[in-house]
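Here's the letter readout for the chains.
Protein chains: 4
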Amino acid sequence: MLKQTSSEYRGYRTAGIRLRDEMLPQLGQLYGSRTRAMLPAVHAFDKAHTVMLVEEGLLPRDVGAAILRQLRALESEGVVEVRAKVGGGLHSGEHYLIRKLGEDIGGRFHIARSSGDLSSVAINTLQREKLLAVLRGLNRMRRTLIDLSRLHTDTILPGYSFGQHAQPMTLAHLWLSWAASLARDFERVHGAYGRINTSPAGAAIMVGSNFLVNRTRTAELLGFDAVHENCADAILELNADDSLEVPSVIAVLYHSLAKWGDDIIQWSTSEYHFVDVPDRYCNTSSIMMQKKNVIGPAEVKGASAEALGCFVSAYHALKGTTGLPITERYYALETLWRVADNCVRDLGWFCDLLPALIIRKEHMREQAWLHWATGTDLAGALVSKRNLPWRTAHQIVGILVRLCEERGLTPADVTPALLDEASMLYHEQPASLSQADIREALDPGAFIAARTLRGGPAPAESMRQADLFLQRTLDDEKIVADIDGRLAESARTLEAAIDAIIA
Amino acid sequence: MLKQTSSEYRGYRTAGIRLRDEMLPQLGQLYGSRTRAMLPAVHAFDKAHTVMLVEEGLLPRDVGAAILRQLRALESEGVVEVRAKVGGGLHSGEHYLIRKLGEDIGGRFHIARSSGDLSSVAINTLQREKLLAVLRGLNRMRRTLIDLSRLHTDTILPGYSFGQHAQPMTLAHLWLSWAASLARDFERVHGAYGRINTSPAGAAIMVGSNFLVNRTRTAELLGFDAVHENCADAILELNADDSLEVPSVIAVLYHSLAKWGDDIIQWSTSEYHFVDVPDRYCNTSSIMMQKKNVIGPAEVKGASAEALGCFVSAYHALKGTTGLPITERYYALETLWRVADNCVRDLGWFCDLLPALIIRKEHMREQAWLHWATGTDLAGALVSKRNLPWRTAHQIVGILVRLCEERGLTPADVTPALLDEASMLYHEQPASLSQADIREALDPGAFIAARTLRGGPAPAESMRQADLFLQRTLDDEKIVADIDGRLAESARTLEAAIDAIIA
Amino acid sequence: MLKQTSSEYRGYRTAGIRLRDEMLPQLGQLYGSRTRAMLPAVHAFDKAHTVMLVEEGLLPRDVGAAILRQLRALESEGVVEVRAKVGGGLHSGEHYLIRKLGEDIGGRFHIARSSGDLSSVAINTLQREKLLAVLRGLNRMRRTLIDLSRLHTDTILPGYSFGQHAQPMTLAHLWLSWAASLARDFERVHGAYGRINTSPAGAAIMVGSNFLVNRTRTAELLGFDAVHENCADAILELNADDSLEVPSVIAVLYHSLAKWGDDIIQWSTSEYHFVDVPDRYCNTSSIMMQKKNVIGPAEVKGASAEALGCFVSAYHALKGTTGLPITERYYALETLWRVADNCVRDLGWFCDLLPALIIRKEHMREQAWLHWATGTDLAGALVSKRNLPWRTAHQIVGILVRLCEERGLTPADVTPALLDEASMLYHEQPASLSQADIREALDPGAFIAARTLRGGPAPAESMRQADLFLQRTLDDEKIVADIDGRLAESARTLEAAIDAIIA
Amino acid sequence: MLKQTSSEYRGYRTAGIRLRDEMLPQLGQLYGSRTRAMLPAVHAFDKAHTVMLVEEGLLPRDVGAAILRQLRALESEGVVEVRAKVGGGLHSGEHYLIRKLGEDIGGRFHIARSSGDLSSVAINTLQREKLLAVLRGLNRMRRTLIDLSRLHTDTILPGYSFGQHAQPMTLAHLWLSWAASLARDFERVHGAYGRINTSPAGAAIMVGSNFLVNRTRTAELLGFDAVHENCADAILELNADDSLEVPSVIAVLYHSLAKWGDDIIQWSTSEYHFVDVPDRYCNTSSIMMQKKNVIGPAEVKGASAEALGCFVSAYHALKGTTGLPITERYYALETLWRVADNCVRDLGWFCDLLPALIIRKEHMREQAWLHWATGTDLAGALVSKRNLPWRTAHQIVGILVRLCEERGLTPADVTPALLDEASMLYHEQPASLSQADIREALDPGAFIAARTLRGGPAPAESMRQADLFLQRTLDDEKIVADIDGRLAESARTLEAAIDAIIA
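Protein chains in written order, with the working numbering: chain U, 41 to 543; chain S, 41 to 543; chain F, 41 to 543; chain V, 41 to 543.
Don't take every hint at face value.
What the hints assert, rightly or not - Listed below are the simulated DSS-like cross-link pairs for lysine-lysine, each with C-alpha atoms no more than 30 Å apart in a straight line: (1) F/K125 / U/K125; (2) F/K140 / V/K425; (3) F/K140 / F/K125; (4) V/K125 / V/K140; (5) U/K43 / U/K125; (6) U/K43 / S/K425; (7) S/K43 / S/K125; (8) F/K43 / V/K125; (9) S/K125 / U/K425; (10) S/K425 / U/K425; (11) V/K140 / F/K425; (12) S/K425 / U/K140; (13) S/K125 / V/K125; (14) F/K425 / V/K43; (15) U/K140 / U/K125; (16) U/K425 / U/K518.
As the list claims (entries may be wrong) - Derived Cβ-Cβ restraints for the label pairs, each shown as a range: (17) V/Q511 / F/E169: 54 to 62 Å; (18) V/R385 / F/R479: 53 to 61 Å; (19) V/Q511 / F/D522: 25 to 33 Å; (20) F/P456 / S/A396: 41 to 49 Å; (21) S/A396 / V/I519: 33 to 41 Å; (22) V/R109 / F/N427: 16 to 24 Å; (23) F/E169 / U/D102: 54 to 62 Å; (24) F/I519 / V/I519: 17 to 25 Å; (25) F/I519 / V/G388: 35 to 43 Å; (26) F/P456 / U/G56: 52 to 60 Å; (27) S/P456 / F/R180: 33 to 41 Å; (28) F/A77 / V/Q511: 55 to 63 Å.
It should be emphasised that the hints constitute simulated quantities derived from the structure, not laboratory data.
In this text the structure is predicted, and so the values were computed from the model without any measurement.
Yeah, the Cβ is synthetic: ideal placement off N, Cα and C, and Gly gets one too.
Bound conformation, chain U alone:
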């Protein structure tokens, strides 16, 4: 008799049934280790599927009740541990039930589903959890940036382009731009969330079953917002776009986080020294005792590289004809879980690190004009006060900068005579700007104050943006709270449905 002894049940893939030989143990171990993270989601699906089967009359109520009671017993022993012990990965529920209740009971509950919807439900559920955690982290970081910005509307520093001093900006202006970027990340991640929180349950392996399950009900019990309308589309083995969108939105977000990590490291160098980073994010060297290495943000940068690699691995692993790459995707998925967890970690680090930065405000401000970052407004003064064409004014000040560079002079050394010299060189007419006009034009504080245009760095405009971005963050916090509410509600519904059956 090929039927196994129930108490030692090892699953449906044993020698002598369909195949003659046992599987390489190594392959089984791989499967076990990579499905471990999915076990809680599989457990929930096991419960919801059983409830639905009973409600639809596809499973006798007493059989369903026995199964559900046993699954509750499993919970009390620890879902992941017990399931990992009985083996079977996605099918660990069946292993457990057959061992406890025998094949005649435990062998009945897998009807009308397959490994296909099991893995799809589990992966979607895990993606859901990860994306939700990222959404929460995003909102927290947006809040942090907005709050900090209000404190730094007059913290002036040079802007940079091509690595060179561009025009002055403020820390508020810069951090508000980060918040604006994170608002788009919220949209992207939330968009992806909406697309993955759709139920594949009951799609079995691409065509569903002739045991006519109620897919709407299972979806409701598992907290999915919708049901995949086509069973082939539902199964990740077929349409993999979601499996690529999730790593892609995280990778895009990580690109920004890494950039900002790079900024903080740069600001903390001896050369820039705009900030001091809290010691807890730093280590030192075993021989260079002076070192204060800013490693927290460096971790963020490394994690970003892994996020990129994850997307590439997923893209490559999933290449092939429809339904061909299945095992392959796990090589990308295991990385994805790690990348997503790192992302939540790093969003949290920014929330802790940014407010703890010691800002060297005086030094920043000095730098904001010392290398001619305010030169644009000197040209502007020639336009507004002397009615020069912009390009003429621009060229004159360009010559002025070159003359100063050649003579070792700084912006503080510019005199009307020097400006006239440059102007004469350009078009044989003096510039005729007063010393006061020159000084005012080159002052970084005046520079910032004058930029009251929409989107500009003038303090009041920064406060307007802070208010606006806060409102948007509040709206997005509401979105997350609503999701949390719906998920909690579906969990209660599931347990109540179980109670009703086993009562």
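Use these hints to put chains S, F and V onto chain U, whose structure you have.
Positioned in the frame of chain U, the structure of chains S, F and V alone reads:
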């Protein structure tokens, strides 16, 4: 005098102004060639910026009118050709105007903007055009799939997983799953569209200008749906998330297109021979005259590889501190334009190719049960007719398949006795299913017909999905039509505003 | 007193020395977990460095002896376990020694090196081990292929290009081509081995030390073949080319392995059915009991995707100015160790799997002419027997194939009349080939037998290649044996030097 | 009659032969544009193949002579232009010959080869040219670096790790490390060269032909160093490892070039200001006239991103079963040619740019101790003069640095008393170092001078490395010269063989 002769104006970066030496000609050529695709967008910005300057009193009306008249003259000569000839890339408008009107006029219109918003406006506009074309292509392909699906609800073929026959499905079911996937692509691309169609105009280089431009007006004249609320965020040099989202959504879409290209190639092999591909997508060999190589879909697959490379290049090129990587991004952008154009090409090819496929319906259907794809329903019959647990039934049929394999039998050869033999081997009880039950259970037509569940392949259910997906496509076509309308309206507004000034 | 109690020594980065606060525990845990794999290599370096210090008089002999005795004691307790327990990662030796011997002894042995050469030595050593294992796996697989090829010089199957039947080949011919490719992989991996087996020891952190160590001696004791001639070049933080070459050569190798995995999966489909894969590499389905999913080769394909992702992550993580990305690289390294181990696993699987494949020789041979794969030689016969130009002959047979396709005829149905018909259509002259000539030209056995050219698939030529490739494999096995010998010798030298000091 | 009029010959793939319909014109255009770069190599193969056919008696001498004369005539008209005009891509030779000589002559020379060896020969030849140019560029840059290093053995600057000041080094030391890295690049690129300069000619499409060509002779005439011993291995459609190795070695090289580009940009910032970059590599801004943007090195960085994308595209494009991806690879190849050309461009730029950098030596040296980069040697002095354990000395100086930081003191302010204070805090014992000892220990000049160890930055040791690295460069220049000699010789042999036939 360092001022150039207007008629030979070569731009603001010449030897003797800020820098002593001329730039390497090679660097100028690179800049010229990579900004060429941006010239039409730059031209529109030149016009809108001038209109806004005049309206806001930042440029005398007569100066503005002279400039706008000249820009219209330029149009009649050919925007790209003339601008490429005068040189200057993003600043070709200034080159042209100074050459034609002298620096005293032509040198005035660059006020209050910079290369930063010029390139950002141009890149956003190009991305807008590319994404719009992709959206149109997506809708056409969805229509094509939905229309074809209605014709193939009874075209049965094996489903595949792991490359092996899974359960039967229909071509309608499969193609509807493609349409479902493309609907998500529409959402993704449209999401990206919404994020990039926001105006950076007036943000200059991260902080705007103290010449207080009306950014809302410029945005309106250029057809942007919104204004970047923070000038640092507006400039692509800073926040690059959009520059990554655009290639990422195209890459994700391309992954599906490549998979379907792979499917078509596989279906056309001697081994599968499910379809004949129209000759126009095929070549042959210079020595193997029998060859009919399906190269159209292979192009799609190759283009997908470039789409992946494009995202990776962009991600890597843009790495670095805020504002550092600027020149670098062009290496990814030039590939992006090509990838986007290929994507539109390939969506079009599918619309032409799919209806022209010759479907070998009989052969497909025969394959759909010949290798046991319907075996699941034989186990199902043991459950429904003999009340066996699913797992018991599954194992019995598994043994049956092995026995048949060992004895060279096919599904058509299964008898009640053979099934009993398998059942006895499993649990020492016969299966006791009649020949008619066995035959019915294994019939692929019956298999499909029975799957009437939501999302299943039963013909009526496929028709329901087709109706639903068509409605969604119609909604999305409406979205694109509205966009087209808004863009046309803004173009008219711009020309009318010019008319008003030059009148 | 800030000096720590030796017995609880926690390392040099504690609050109150250089930095005021303790480091985030999370950062310390990351460091501990990612240096764990390096501990055996660090241990060897600790021993070799101490020996060299004593020999050079940089450490008193009694101090050195005490340290070396303690390091041997550590070994008896388990290098990885004890070091992981005392913490400190690369500096776990110092932790352990200070705890056991006090700072006055244990604090002396880190002189003249730094974390820089510690990590570089450890990473190079790990890379060395991984690459050596890959080299061994490559040689075993080459042997396997060559041995198998000798058995399959008359196992004829269709060649494929564009997925379509090209010309016939033999399994020997194909597998010999795999062996030829693996020979290049050996060269590449061996080239990389040569470049990484160079000693950074003593380079400290880019400039070495003013305690004048004997770098040649340390290199010898650690089994390195050479010494980095420039200390800046020696440190991986600076020149990262080796850190990219190692993942790149593994990724390139993996591309081939994945391709061959894909081949085996394809050959095992119902459509091709060229081989049966041993059951131990297969699983089945929880509802589709007929499934025999070939998952072993699918694992290879997935691992290849991770190999690609690993290279991309490394490339991206290491981007930045010289010396900037250090922490970042660990995100790629942890993946690299896994990828390399998978590679060894997968080379081993091929050695086990290929000889166990059941080859369906008859079916393969039938396919090798059924879809016109031998058509080329029919054109060839027109050239050699009728003196037609190749192109003329090629077009005539092209027409013939089309006619047969239109009329449902196979190659077996070709008659002289049919060929004449095609010939007449082409150039109004008959082909005038006899039935025997036609039959002979289309026979796959004759096709193979005639290809005796260098590199061709004729059996004797395959045997020549097998002999040649075996000789090359023997040469490469000698290379690996020599490496093994040198490494064993250096390990003995190190222990003997320790014996001499502690004696 | 389906035979075409010779004078308008359009190739073998026309409607009515094997296939009923013409191919999409778009597909033909793609093929034409992507084979254009291959035409010179194809032309050489056409000549060599014809010579070999005649020599082996596979083509009548008079036919061969007519063909060779015509191919020489083609040369006088311009190989690329004429071939592009007659169309046919790889088969443009046949098009041209049939048009000129009729099918009876021109239709004879394609015997015993196929598109497979045509494309493989052409791609290998192009790769050969590109790799050779890279090898030359590498040697030039190594020379440049070695020569410059000799001038900068006493140009002291801080080393960096984690972006923070590490220990001082010299520019000579750093640039010699670059040269050391490029020497490995030479090995890698040369290794790849050796593997691709192997002849596929005569392998046709994986199995060669039954017209028994002399593959050795063709290889000799085309300058290949060896013949692929297995015809399946010879054809790039099958074994793609070479197609991945070539982009991988260029990508690895580009990683270094980009890093050094980043260094130069950083050194040129206002914050570092170690160098002034020649103006010809810089542009300025249209509104920020002070800007001197270092764009040449930024191009290098961008090109590196494309090199990475190229490898990823190639890896992905070539995925699939043996012989499946063929068309696909062109998407990676077109990028490869561009990447390789950029690489040669950028190696050249470094050779021009580096000697033209203005080195701000005084400033560099001041930075080399101002932020405690020499602190290690103060700890070293405590070890050598006070016999403290290294770790004890390290911690004391760590405390010293912290105290100075807290009190706003610099290394120049360190007194024996201050050091004693730190020492007392650590272990309640004074350090007792004299002011002179402290000053000497912290001096960057003394720091460098003391590092005479092998690989160290002491001037004499740098000169030793320069001599050694120059010798290695000379050896590698010899390798390139030998290759050039062999290629020139084979070209002469080919022309002489043609002369002999047409004489």
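Structure versus earlier hints - violations, ascending order: Numbers 8, 9, 10, 16, 17, 20, 21, 27, 28 - these are the hints that the structure violates, sorted from lowest upward.
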